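Chemist: Following the hints, complete the assembly by docking chain B onto the known chain A.
Protein chains in written order, with our numbering: chain A, 1 to 322; chain B, 1 to 322.
Take these hints with a grain of salt, some might be off.
Which copy? The list can't say, so a pair holds if one copy fits it or any two copies do.
[To be verified] Below 25 Å or equal to it, Euclidean Cα-Cα: the simulated BS3-like pairs (lysine-lysine) are:
| id | residue 1 | residue 2 |
| --- | --- | --- |
| 1 | K103 | K264 |
| 2 | K107 | K264 |
| 3 | K107 | K64 |
| 4 | K107 | K278 |
| 5 | K103 | K64 |
Derived by calculation from the structure, the hints in this document are not laboratory data.
Predicted, not measured: the structure shown is a model, and the values here were computed from it.
In case you want the letters, here they are:
Protein chains: 2
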Amino acid sequence: MHVLVVGGNGFIGSHIVDALLRANTQVSVLDVCSERYRSPLLDVRYFLGSFWDTGALEDSLLHKPDVVIHLANSSLSVGATGLPHSDLEDLRSSVTLFELCIKHGVKKIVFMSTGGKIYGVTDSLPIDESQPTNPLGSYAITKLAIEKYLLSLSYYFGISAVILRPSNPFGIRQSPTGVQGAIPIFAWRILHQEPITIWGDGSALRDYIDVRDVAKFCSMAATRECSGIFNLGSGVGVSTLELVDHLAETLQIAPIIQQEPARKFDVPAIILDSTRAKQQFNWNPEVNLSTGLIEVTAWLRELDKTESSSSSTSVLLAGSSA
Amino acid sequence: MHVLVVGGNGFIGSHIVDALLRANTQVSVLDVCSERYRSPLLDVRYFLGSFWDTGALEDSLLHKPDVVIHLANSSLSVGATGLPHSDLEDLRSSVTLFELCIKHGVKKIVFMSTGGKIYGVTDSLPIDESQPTNPLGSYAITKLAIEKYLLSLSYYFGISAVILRPSNPFGIRQSPTGVQGAIPIFAWRILHQEPITIWGDGSALRDYIDVRDVAKFCSMAATRECSGIFNLGSGVGVSTLELVDHLAETLQIAPIIQQEPARKFDVPAIILDSTRAKQQFNWNPEVNLSTGLIEVTAWLRELDKTESSSSSTSVLLAGSSA
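So here's chain A without its partners, still in its complex pose (with noise of 0.2 Å):
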């Protein structure tokens, strides 16, 4: 079986990539940029190219892959307002990349959603598929209406199509400059004696789940019978402040804190049920907040020393993947 993934060198699609070659699985990457953090894969075809870009789409379609994951998400846009023309064009470019699968006669898509930001402020924890779904902000609309499309175009020409919604995937070779992903960001200043910035008393709560989780199950529904929507979370909240300290006593660092006003814009709290998923592939998350932030504090430390023996920090501050 034969996958092209869309994204693959962003940090998510690195370990899918990683999951599907476990799986022994042939596998094509359509990304605009290299892998960040590591050399390209042997076993993997290259497709260097933006999906906004629908000559680059074709080109990595014409060697037939069977299944599609599509993570490519050119959007830094975690503000209220604005409706980005990044978030336009994505929403322009999937549904391009939807067609034209089914034009190459792919027969699943497995789309990259967001179950962090896609249900917004609900008081029923832990969250399952049937909640509904009130994003807020132009980034979660728009993973809302690139998953409605999916699913129409799903039911017009037949194609099996996933949807899934990971809570907040962390792991190694997730940027600790970026805008998203507390985990490194946090690590990175607390490493550098930086301070953190705590929007309100630290109290919201995130499901904290291993990019390699989420991983494993985007590569079995990727190549096994199975269509729909699938949280993927590993149930447990975890505050800001509780994460402070864990990463904190993990890297026995004293945190800097800074606390500004509570922002709107941050749900209170995301806790996902995952029930559906651990159903359809007896799939449970394996990996424990606390073995995984051992693992990524020791990745950040080892690039810090990378970056800090390197002429140029240009590989760190370089632009996020497609």
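Modeler: Relative to chain A, chain B alone:
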């Protein structure tokens, strides 16, 4: 109270303007076209311009409306595939409009969404507002995304938001030569002894509601205390064949029916539960289908006479409103 109706010269918009004027509201209209089937009203201030044009939006908002009703819609895309430029632009422009409303101190936004297309295929009839939204095709998906943006901005900025989901509004001033609106299109074809195409066996159920009933609720929602999502339907399902019979009987002309294979595209049944709207303002649809059809067919006969006696059919063939 001053209400700006964006798209106020279209079919539904023109009836909303009537309802607002009847309730002694100050009305202004932004639309890309003048009204098609009547002369401009003396009591309305008109701004001619596209809602895709930020300058036109700004101009119409400078006169400080308290409430904005948004029903501008350039999309003619009712097909299964693609994300036409017009839908993307409607989405972008709707978000721009909402943000400008906040900037200019508008207190409430009423958005005319779709109850006929937003729920998709469902067995659970009649459909209330808590049902899942499974829109099929670009038009309905874009409407849902616009709903989500409005709710998101309402959450962040506190602006009051009302979303209306009418079923299948019909009435005078609905174009008989457009792509939407079975009633005028069928009636016009019967009147001209042209064949009516029925996709499938003609059993698909639709919930036809007189546009004045929709307009009346919209006017109340705009001018009184109210927020949230409201279905607006008659609650009665009428099959395509029944509708054709009704029309033929009203016109006293035998229809020519052409049956074609069913399109997946057309959902089997839409009947809305409008309990929420009824409870809000003691609203109830007042015009039944038979009465409405008598009025619409009389209007179409009149239009036909005017058209026939006119040297050109350019009025009828002009593009639809913003």
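Chemist: Are the CA atoms of K103 and K264 at most 25 Å apart within a copy, between copies, both, or neither?
Modeler: between (43 Å within a copy, 18 Å between copies)
Chemist: Within a copy, between copies, both or neither: where do K107 and K264 come within 25 Å Cα-Cα?
Modeler: Only across copies: K107 and K264 sit 20 Å apart there, 41 Å inside one copy, limit 25 Å.
Chemist: Reference check for the pair K107 and K278, CA-CA at most 25 Å: within, between, both, or neither?
Modeler: This pair counts as within: shortest intra-copy Cα distance 24 Å, inter-copy 46 Å.
Chemist: One pair to classify: K107 and K64, alpha carbons no more than 25 Å apart. Within, between, both, or neither?
Modeler: So K107 and K64 pass the 25 Å test inside one copy only (10 Å; across, 53 Å).
Chemist: From the Cα coordinates, with 25 Å as the cut-off, is the pair K103 and K64 best called within, between, both, or neither?
Modeler: within (11 Å within a copy, 50 Å between copies)
Hint compliance for this structure: no hint is broken.
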